Amino acid sequence: MSLLVVDGLTVVYPGAGRPAVAGVSFEIEAGRTLAVVGESGSGKTTLALALAGLLDRRARRGARRLEVNGEDLLSAGRKRWRQLRRTDISFVFQSPVNSWNPTRTMKAQVKDGMAASGRAGRMPELYDLLGRVGFEDPERRLEDLPHQLSGGMLQRVSIAVAVIREPALLIADEPTSALDSTVQSEILAILGELRREVNLAMLVISHDLSVVSRVADDVMVMYGGKAVELGSRRNALHSAVHPYTKGLLDSVPSLDGERKTLLPSMAPGPLPAAGCPFAPRCGLAVDECRRTEPDLAPVGATLAACPPAAAASTYTSGSPSASTRSSTPASSTSEGSPGCSDAAGAEGPP
Amino acid sequence: MRSAKPARFSKLARFSKGAAWLAVVVLVAVTITFALSRIVPADPARLAAGLEAGPEQVERVRQDLGLDDPIPVQYVRYIGGLLTGDFGDSLRTRGPILDDVVESLPASLELIAVSFSIFAVLGIVLGVVWAYWPRGVHAVLLRVVAVAGAAVPVFWVGLLLQILLAGRLGWFPVAGNLNHEAAGIAEVTGAGLLDALIARSPSAMWEAARVLFLPVMTIVIHNIALTIALMRSSLADQLDQEYVRAARARGLSEWRVVMVDALRNALNPVVTMLGLQLGWLLGGVVIVEVIFSWPGIGLYAFSSFQAFDYNAIMAITVLSTAGFVLVNALVGLIYPRLDPRIQEGG
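Respectively, the protein sequence lines represent chains U and E.
The first sequence begins at 1 in my numbering and counts up by one.
The second sequence begins at 1 in my numbering and counts up by one.
It is worth saying that the hints were derived from the structure and are not from the lab.
Because the structure is a prediction, the values reported are computed rather than measured.
Treat each hint with caution, since some may be false.
Footprint (simulated), chain E over chain U, 3 or more residues, beta carbon under 8 angstroms [what the hints assert, rightly or not]:
(1) 72-86
(2) 94-108
(3) 113-125
Cβ atoms here follow ideal geometry from the backbone N, Cα and C, with glycine treated the same way.
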């Protein structure tokens with residue numbers, strides 16, 4: 001059974017025309033990592049916040065199903081969400097500097113966090129964990145104020161506080177994009193290692209395909225609030241069918257050659273009111289795309305929300321038969337080999 | 001950086017620097033006031049001698065008061081007097097000004113302390129409520145209070161309260177301070193509430209609170225508006241910060257997130273403004289005291305202005321300047337407690 005089940009999740013901010021997240025469905029099993037990829041404004045952060053009950057009070061959330069550990073969270077109140085954040089769901093934010101109150105010492109804030117999850121008296125365990133992830137002399141350095149520590153150090157603390165409570169689900173919103181690339185590698189390695197130890201499910205938000213190729217088991221590509229492609233890491237990064245995913249992969253610079261094609265820039269202005277949000281930038285777009293919003297459907301090796309691409313692929317390879325809308329073919333697919341560095345320009349796992 | 005010795009030394013250095021600044025500001029204020037008192041066309045000797053006095057008498061008064069000496073000599077003499085706590089004699093009461101000040105100060109301090117405590121505490125609480133629950137009936141009411149309170153002049157509020165609550169409804173005395181004799185308590189400090197407390201007389205305390213009510217309300221209505229508005233916007237800013245969301249993500253209770261993390265940061269500008277407001281009150285209770293015949297330093301100042309009692313005016317100016325500077329120096333000591341990134345006295 002999947003640890004996290006999301007079906008038809010929609011989030012609307014008041015005053016906004018299009019929903020920030022529009023009918024997104026996926027599942028994550030324990031011990032697996034789903035990476036959500038997309039550009040700014042694709043709704044990936046809103047999705048992450050919704051899954052931790054951290055949405056702005058004004059945001060409207062709706063879904064057919066939203067379950068963690070088999071518990072239905074559609075009707076969970078603020079108290080229940082807080083309880084979940086204390087025990088089952090941890091969150092790591094993009095900016096380590098902004099994740100901490102600038103005027104209180106790290107120790108005071110870390111203690112608050114530990115106390116919230118009922119571990120007030122277990123600070124030594126946290127010091128041990130911090131020491132293991134390369135945070136030297138944690139007991140003394142935590143006396144400092146946040147601005148006296150580096151971004152990498154602060155993010156180590158964020159991750160340690162998030163992981164030590166042994167959550168079932170860790171949501172990391174761009175956990176490394178505010179860090180330089182060496183530190184980024186270290187943090188990813190730490191995340192990977194701790195995740196294996198605790199066997200937690202992880203949702204990683206990123207716009208960086210090299211990060212995705214390093215941490216993800218499955219990949220979901222978002223555009224304009226919709227999931228446009230969903231598949232295992234290998235398939236999503238190598239056999240992508242959605243024109244947006246392809247464009248995204250083609251935009252990654254590689255060492256041995258020049259970029260193939262650049263994704264056409266987004267026209268200024270809002271996304272189209274109806275139809276596929278990507279249609280204005282899409283080479284495959286037909287009239288139908290501008291009228292109806294496509295849903296995820298099996299195309300080739302992944303799920304893609306693109307009827308024209310599906311039509312093209314039936315000629316060439318033929319799509320696997322799928323009787324109903326299965327949410328994650330990825331979770332049943334075998335893990336891809338780590339040889340996707342050519343597509344993503346990553347260093348590969350350490 | 002972490003060793004104790006240089007920190008202690010620099011603390012002392014910073015303290016002396018602060019004290020020196022205080023002295024300089026007060027000296028400048030004294031000099032300006034002194035200059036003004038000698039520039040104005042009114043003749044203090046003439047006023048002191050009285051309307052019936054002839055030219056010779058006026059001259060004698062002028063000599064008695066030292067007003068025929070060259071201005072620099074008068075200035076040095078005045079500064080010398082200040083250093084020994086001598087503010088000169090009042091032209092009106094003929095006694096040392098210091099005595100008058102000491103006599104009228106407690107009533108003013110009582111009025112200021114009570115008003116300030118109420119609008120500071122209540123303003124912060126209401127601002128927090130407004131920032132945390134920005135929608136609803138209470139938000140509309142608070143907006144009205146914040147806008148109207150700041151816009152309406154003090155004297156108008158005072159008169160309105162007098163007409164309504166004292167005149168029409170008769171709930172409060174129109175004006176004046178507690179009559180210690182009538183209340184049956186001894187006059188120890190001069191501040192009615194405090195004296196009643198010392199005498200442990202509930203009825204006197206009730207009476208003292210009743211006479212305080214209208215002038216306090218007048219000051220509170222005017223000053224609370226700014227406190228509420230600033231507290232609201234400052235806390236709303238903090239609540240939008242990412243660290244608040246991160247604290248919630250760590251499972252902290254709303255109380256801890258708002259009261260421990262966000263409020264502390266949001267208080268910084270509010271404390272600055274409360275300091276300024278308290279400073280203004282020290283010299284600015286004149287209107288309220290005149291409206292309510294409150295026998296404090298403001299009423300004394302007003303009478304001194306009318307009589308052109310230039311020594312008293314100068315004394316009050318110097319004292320309220322010193323009070324203002326002192327309050328703000330104390331506020332400066334609070335900052336590092338709210339935001340440890342700020343060095344003390346820096």
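Hint-by-hint comparison with the structure:
no. : hint    : in the structure
1   : 72-86   : holds (count 4)
2   : 94-108  : holds (count 9)
3   : 113-125 : holds (count 3)
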